[in-house]
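For the sequence shown, the residue numbers in this note's numbering are 1 to 135.
These are computed hints drawn from the structure, not numbers from a lab. It should be emphasised that the depicted structure is a prediction, and the values quoted were computed from it without experimental measurement. Do not take every clue at face value.
[Claimed, not checked] Derived CB-CB ranges, DEER-like:
| id | residue 1 | residue 2 | range |
| --- | --- | --- | --- |
| 1 | S53 | F82 | 41 to 51 Å |
| 2 | S53 | A86 | 38 to 48 Å |
| 3 | D51 | S108 | 15 to 25 Å |
| 4 | A47 | S17 | 28 to 38 Å |
| 5 | P49 | H119 | 24 to 34 Å |
| 6 | S108 | M57 | 17 to 27 Å |
| 7 | A78 | I100 | 16 to 26 Å |
| 8 | S118 | F71 | 16 to 26 Å |
Think of the CB as a built atom: it goes at the ideal place given N, C-alpha and C, for glycine as much as any other residue.
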Amino acid sequence: MSLLPFSVSSQSAAVASAAYFFAAINVGFGINAILRPTNGLSFFEFAPPADPSTRAMVNSLMAIYGVRDIFMGAAMAAAAKFGSPAALGWILISSTGVAIADGLVCYSHGKGQWNHWSHAPLSAAVGLVLLGCLD
1 MSLLPFSVSS
11 QSAAVASAAY
21 FFAAINVGFG
31 INAILRPTNG
41 LSFFEFAPPA
51 DPSTRAMVNS
61 LMAIYGVRDI
71 FMGAAMAAAA
81 KFGSPAALGW
91 ILISSTGVAI
101 ADGLVCYSHG
111 KGQWNHWSHA
121 PLSAAVGLVL
131 LGCLD
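Sequences and hints are given; from them, build the entire structure.
This is the structure we're talking about:
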């Protein structure tokens, strides 16, 4: 008996589409962070530093963050296209950990955590489906 009013399995096309959606979001955030670091910083609700040398350092760190997000998105897309549902599921669950960690950093600064924590349950749920938890 299914808990949901529709069928969900690790082989579902809708689940694969959700994985591609998460991949695209990660790549988009990564490109944004590299090309528009001040805008990327706004997702953490951090203000850009006024000092030019500090701003240059923060921009460099945003490039690192951007590359990380692009890598996560590329890993998701590659696993969706060429890998197994289980591999893709573990990548999505791992990305949930990244979102939680990013949110904790924001929380330690007093705001912005829900910009990261809000999508963590969704990627975790899709990851668990891909691992076969609802098969």
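Going down the list of hints, with the structure as the test:
{"no.": "1", "hint": "S53 / F82: 41 to 51 Å", "verdict": "43 Å, holds"}
{"no.": "2", "hint": "S53 / A86: 38 to 48 Å", "verdict": "46 Å, holds"}
{"no.": "3", "hint": "D51 / S108: 15 to 25 Å", "verdict": "22 Å, holds"}
{"no.": "4", "hint": "A47 / S17: 28 to 38 Å", "verdict": "37 Å, holds"}
{"no.": "5", "hint": "P49 / H119: 24 to 34 Å", "verdict": "27 Å, holds"}
{"no.": "6", "hint": "S108 / M57: 17 to 27 Å", "verdict": "19 Å, holds"}
{"no.": "7", "hint": "A78 / I100: 16 to 26 Å", "verdict": "23 Å, holds"}
{"no.": "8", "hint": "S118 / F71: 16 to 26 Å", "verdict": "22 Å, holds"}
Comparing the model with each earlier hint shows no violations; every hint is respected.
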